[in-house]
Amino acid sequence: MLKSIFIILAGLSTFAVAENTSINGNVQSRCIISTDTEGTYGNPNAYTLTTATADGGVLAVTRFDITLADAYYAQITAPSSFSSSPSLPDTVTWTGDTTVKSISDATGMADYETNKVEFDYTDKYDMTATGSTWFKTTSAAVMGGSKAYAGGSYTSLVLAECIAQ
Amino acid sequence: MRKNCGIVLLISIAFFLSGLILSLDAKAHEMTPTYPKWERSHLSGILKAKMELFNKRNDVEYYEIGVFDEGFEPVPFVSAYSVVKLEYLGKVVFDVFINSKDKSRVVYVCSKSKLRKEELMRTAVSSRICSKFKD
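Chains A and B supply the protein sequences, listed in that same order.
For the first sequence, the positions run 31 to 195 when my numbering is used.
For the second sequence, the positions run 5 to 139 when my numbering is used.
Any given hint might turn out to be false.
[Unchecked claim] Only pairs whose alpha carbons sit at most 30 Å apart, straight line, appear in this in silico DSSO-like list of lysine-lysine:
(1) B:LYS60 to B:LYS105
(2) A:LYS146 to B:LYS52
(3) A:LYS146 to B:LYS118
(4) A:LYS154 to B:LYS41
The hints are simulated quantities; they were obtained by calculation from the structure and are not laboratory data.
Given the structure is predicted, the values throughout are model-derived calculations rather than measurements.
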């Protein structure tokens, strides 16, 4: 008798374990901006800060993940001022540029670099395909009159924007 | 048999560690939907749109919300947050309210990362995502 009750209870517990649990998800179009590498300034001489690899710098790399084609523009602006720095003895001349570093879709994204629109420090890309695109941004800041940068920390901002079309 | 189990275990550990490293290194900013819609709010003459923000940037804690016209000129709006404090891997759903007379002017709602000042010689990346009102 006791054995029969045990078997019935064991059977019931098996039913409980077999219950389905749902996992719900919502797939929608989106743009994700990821910071792949934060740039670092090298200091090849007293009056220059540059992200150029040959001068000990590191390029800033941002990744854009797009899940809907023709829905977004990627807009990347190289720095044109310091967001924080010690006091500057003279005006600084800025140069900077953004280019496509790598792409996840060799066919759909092949023309991104040639079709980009450049204005001032900004490069605008029409994201016509889904997938990931990596952009690298260079930046150089040369102190006027070849005056030396004061010792301290210098930070500038690369602005990475994803704007819906 | 025992040798195969060892190899499987090693591969599993390698996958786990690489996943862990990738997840620790990830710094992403995400806002949805791409094309939000205006809805009526509980107040007459006020429209609202629901947005969702996800912070996968471990270097960012604050995001600034803004509403703009076609030329990215700011348009007055009200939200529970104008600057959202969002922990790493945190998600927030928020409503943006505008006066219905501004509906035709409003084109973009944007979120922009706010970075902390740090003692480094570097270029930091500030991210901004803008969704568009198409109706």
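Here is what the structure says about each hint:
Our distance criterion of 30 Å between C-alpha atoms is broken by LYS60 (chain B) and LYS105 (chain B), whose separation comes to about 36 Å. Of the pairs offered as hints, the one joining LYS146 (chain A) and LYS52 (chain B) is violated, with about 35 Å between alpha carbons and a cut-off of 30 Å exceeded. Simply put, LYS146 (chain A) and LYS118 (chain B) have alpha-carbon atoms about 27 Å apart, close enough for the 30 Å limit, and the pair holds. The suggested pairing of LYS154 (chain A) with LYS41 (chain B) holds, with an alpha-carbon distance near 26 Å, which does not exceed 30 Å.
In terms of the numbered hints stated before, the structure departs from hints 1, 2, listed from lowest to highest.
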